[in-house]
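Going line by line, the protein sequences match chains A, B, C and D.
Oh and the first sequence: position 2 is 168 in the numbering used here, straight run, nothing missing.
Oh and the second sequence: position 113 is 218 in the numbering used here, straight run, nothing missing.
Oh and the third sequence: position 241 is 375 in the numbering used here, straight run, nothing missing.
Oh and the fourth sequence: position 89 is 80 in the numbering used here, straight run, nothing missing.
Simulated from the structure, these hints should not be mistaken for lab results.
It should be emphasised that the depicted structure is a prediction, and the values quoted were computed from it without experimental measurement.
Using N, Cα and C, we set each Cβ at its ideal position, and we do this for glycine too.
There is no bait here: all hints are sound.
Simulated restraints, written as ranges between beta carbons of each label pair:
no., chain 1, residue 1, chain 2, residue 2, range
1, C, D500, B, V219, 27 to 33 Å
2, C, S182, D, E182, 32 to 38 Å
3, A, G321, D, A124, 29 to 35 Å
Below, a list of computed lysine-lysine pairs in the BS3-like style, where the Cα atoms sit at most 25 Å apart:
no., chain 1, residue 1, chain 2, residue 2
4, C, K271, C, K480
5, C, K526, B, K231
6, C, K338, C, K422
7, C, K315, C, K343
8, C, K316, C, K347
9, C, K475, C, K438
10, C, K438, C, K526
11, C, K422, B, K231
12, C, K501, C, K207
13, C, K510, C, K271
14, D, K175, C, K271
15, C, K438, C, K454
16, D, K98, C, K548
17, C, K315, C, K338
18, C, K173, C, K480
19, C, K539, C, K501
20, C, K371, B, K231
21, D, K98, C, K338
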Amino acid sequence: MSPAATPALQVDDLALSFGGVKALDKVSFGVAPGNIHALIGPNGAGKSTCFNVICGVYRADRGAVRLGGNDVTGMHPHQLAGKGLGRSFQNLALSMHSTVLDNVMLARHCRTRGGFMAAGARWPSMMSEQAKHTARAVEICEFLGIERLLHAPVGGLSYGDAKRVDIARALATEPEVLLLDEPAAGMNAGETAEVAELIKVVRDALEISILLVEHDMTLVMGVADRITVLDFGKVVADGTPAEVRNDPEVIRAYLGEQE
Amino acid sequence: MNTFIQVMVNGLGKGAVYALLALGFVIIFKASGVLNFAHGSFVLLGGYVAVRTQDDLGFTVSAILGVATAGLGALFIERVLVARRPLADPIALALLTIGVDVILTEEIIRRLGVELPFLGRPYDGKPIQVGDITFFRTQLIALAVGAVLVTLFFLAFRLTGWGVAMRAQAENREAAALMGIRRGRVTAAAWVIGGVLAGVAVLFLATQDFSGSGLSRGTHAIALVAFPAAIIGGLDSTEGAIVGGAIVGLTEALSAQYISFEFSKVAVYVVMLTVLIVRPSGLFGTRERTRV
Amino acid sequence: MRQSLKVPALVIAGALVLAACGGGDDEADSGGADASGVKTGPGISDDSITLGVMTDLTGPFKDFSTTLQAGHKMWVDEVNAKGGVCARQIQLESRDHGYKAETATIQFPDLEPNVAGFMELLGSPMIAALKTDINDKQVTTMAVSWSSELLDQPYVIIVGTTYDLEIINGLDYLLEKGDLKKGDTIGHIYIDGEYGANGLAGSKYFAEKNGLKVSEAKVTSTDTDMKSLVTKFKSDKVTAIALTTSPAQTASAATNNVGLGLNVPMIGNSPVFAPALLDTPAAPALSKLYVVASAVPFDSSVPKAKEVATKFIAENPDVKPSFTVQYGYAQGLIWGQILQKACDAKDLSRAGINAALKSSNNITTDKLVSDLDFSKPGSPSSRTVYIGQVDKDSPGGLKQVQALKEFPDAKTYKAPHES
Amino acid sequence: MSEGTLTADPPAETPSHGRRGGLLSNPATLFRWGVRLVIALIVLTPPLYFEPSWLRVGQYVMIGAVAAIGLTLLTGQAGQLSLAHPFFMFVGGATYCVLGSEDAPGKVGFGLPSLVALIGAILVAAALGLAFAPVSGRVRGVYLGVATLALVYVGLYLGQQWTSLSGGTASGRPSPDLNLFGIKTLRNDPEISFLGQAMEREQRVWYLFALLLLIAALLAWGAVRSRPGRAWRAVRDNESAASALGVNVPRVRAEVFAISSGYAGLAGVMTVMWYRLLKPDESEFAGTYSIVVAIAFLAMILIGGLGSVGGAIAGSVLVFGLPGMLTIMIGGNELFGTSGANAITPAIFTSFVYGAAIIIVVLFEPGGLAALGRRLKATAARTQLGSTLLSPKGS
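Excised from the complex, chain A in its bound form (with noise of 0.2 Å):
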């Protein structure tokens, strides 16, 4: 890594046991500005534990994290959407009866103010907070294609659509690195293909980092700058999707997972 750019996120060192069992140990791995980067490894690996440490949903027995050279280690996930962390949900955990505008306004929660009061009483100065924030929202919505179902519940979308509200909210944080779980989860191939234009879109559009915990290797192949792999919760190879192809320790830790 090359120590001129700082890395918009870097890992160091994580570990975690869940009784006795490692699930991470000694992870480091380090996002650089602007890449699309890739974290697998076979079922079991430690991808989503390390994906939770990152966002803050479990704290590390050891280690530290840090975004864009600040250490968030230990941080509450809603502190970190402020410094700049976005990330979907593999399950979209959208809300299903509020609409697709409503889904993506929430993420705007830690850049507005106002609390009940201000909020009941309309006032002005929220009510034109809340107008440029709207704007935006609908700015994001448009980007990624979902400008006609603003108004629309998100319960009643197609999963493609869904998705898509999904990263819209991730995105309406705006976030300097944003984390994608699963992105492909439960596509075809089609969509997968559809998800994989729509990474790279962004990360061009917006200038950011993204990280990508996936199963789905066609896709990450397909769009990762660089590839970390974990099996049994280590670093098992770091590079390059073609590095990473050849790597035999790779290759045994997926040929191992399918005997």
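Given chain A, work out where chains B, C and D should sit, using these hints.
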């Protein structure tokens, strides 16, 4: 010292019946995820059938009839109302049972009119003196019946297919369905058991020894005391229900004696809040896992 | 918001011109006088006097109220057969509030304009909620509550002895009998509220006067199990139990009194006992209970009480008799005398009725309740009581053990609002 | 996502069209004004025509509506089940009396201006709601529902013990008169008449309550449609997601509990004004601040549609209004020719109605009256006449 023993006896005697009620709550909650606010009206239903038939059929037969009616009533509610919405919001289902409770209770109280009928003729009001300590037969029989029923239940829970299925279902309702467990049958059985336990409880509740009053709105009120008992133990823990029942009975009796009677009901809830602050899912309850 | 209301207000303004003409119905009823020069008021027509009844026919006091109303009806039928009062027939208009204060609050303005006064307003939560209404409308109201705390209310009538005096008299009775002595402890179970707090004031006064201690036990009206309280009394070594409770609570206290081996005499105010208790397993234990009341027991040797009882049984063979029959009848007798007095003064307006009440210092009811004096504000209308002992074989469940009597401590007791 | 979550979220703030057009030229504007007119008529005219009994029913409905709005924010919008509303009502009522009354023998009073006492009562209720954060922030779902039940018992106990504040169960303490810019509410001082109708106590209380309800409803609507409302629904639907998107979940949970308690506090002030009396209950199962009332509020918000402000008001009309209306209409008669101890009285009949309403709503219309209203509106919107008659608010 005698006073203290008497207080403990009083408390445990009540605790036994609370445990029966709490166990009913817990079984229903475990199987269907429903906080059953209608438990008090199951109690009234069983009691009503028993008091209406006891003059003609004698206590034993009417008691069995009452218990059976409470069980069938619970089954009816489950099949006709709850089963229609198996995955509905827990709050909505809790409210549904409130609706049932309101109607059933009002109707039974209306039918009772000005009567205050008592149950438990064979054992009620004939205390046994041992030295300076009084043992009320109702409480002794409640303890014995409670112990037998609880033992039977735990044996069934551990050893029968129903018990295995029920435990699997409590772990994960959707997964259990995938594993081929007939959810409907397990849940229905749980409601029947809950109703039966409520029906048994009323045989002790509507007595002179236990509550001092016959079947009335007060009986329904006592059934609600089993709420904190179930919560203290943990809503999905059958062992917890037994422990919770005992804790509530003893807390009531001890605080009535050593603090003040009017504080005793508050004391139960203070104990419950303390438990919840430390363990938000009760002493033995499993913590809710939030999906990410 | 300001904007949105202005327009509609203008729109309806036009439509409401009619309302302006139609208003002011209230004034029509009050004032005025009939042909014979008797001033009239709400509830008074040329040939009838309407009295209101606000009672509980569905709540916790439904059996109490049912027999009370039977007493009212007997009086009304009798008085109307004799030509009524002031040449007018007595009519009752009643509402069932189900012992719910909010229902009573809604019913009151509906009923109040039609009545000259209230024959019955039952329940302390209802009386408390309607106190201001009663004062505003100056409507004389007979409360079915015996709390001396109400004696400062100018329009509220309390018939007979108050709860505090009942308890004092009852404890004096036990003292005379030798069941209590100096240095003893009395256990007092009371429902928190107007009723219980007033009863407790009585036992506290008695204890202070005679060198006894009181072990207090406060309960709510829905508590039914008195076991832990009696356990406490036993450890406090009480020698008598005073009760200001509901009948179900009385039953539990009685059975535990015997069951836990305490076995002390119990005294209680009139509402502690209901004849229905004799059909419960508590019946044997209740024989230790003395009920102290200003009303005569149903089964009494007092001639008028006998007459009413016989008639009631003849007319209502299926209803369980209770002392409230005679009490309801006595309420009627009292209202009859007040109305007659107002009629004699040629003023049946509400003010006239209240003035008649205030000047009544010797109302008699043929000993159904003691003679009553309503002329001293703040002071109970009587201090004498009947005492009955629970007895399974007496109709109404009480055997009279003490005829009307004022015990020494009752004489000296000063009620809360007494000057 | 579970199949039948009972939620009725209002549509998000839609960019308003037609502000520029003339009043009559734009159907949307016309519609909005039509609705305002209907609401204004419902609020303004009854005091001119109705008997005091009916006015009292209406006032009582408005008390229930304010409380139910608070509860629907908490339970419907934020997903926290609470049975503690009667407790916070009691706290609000007691605080109002303590702050607004003069010192009297055995009763503490601060003698503050009544408007200050009113606001103080809301704030104290809200503060106590906030103090419940260790429980409301941690305990979830049905556990929270039972945990909040504890407060009803605590309220009953404190009301009985702390008689210098509560007045005690025996006789309670009188409610201070609300003096609004020189106009007293509970007395004819100064005497006012409006369109020939004297504005006496019942009329004054009606208009005051209508004003308070309007403020309460507008605040709730505003909050539901913007930042706080989005946070509540996010916390209700998925706490992890809400957290990841920057919502401080424990804080939001505690806040909404406090806000809801503030609403209950206001309803408590209205209650003591309605009775002109603060009186603690004698038992936990009967009375003004009892468990029965807690359940009645839940019934209101469920029947109205969980989370819907308009639905909460409609629910109160049914649950708090119906018994009173039946009582007046039936008068001294009994229902269905039954009488005596087994009579079906108005109280029992309405219990049946609302019990059945709950069951029917859960089974057949999980969105409650609010969803029904939206559907009606959608149907009506297809006809021009309908669109001018029906509310855009859904109910």
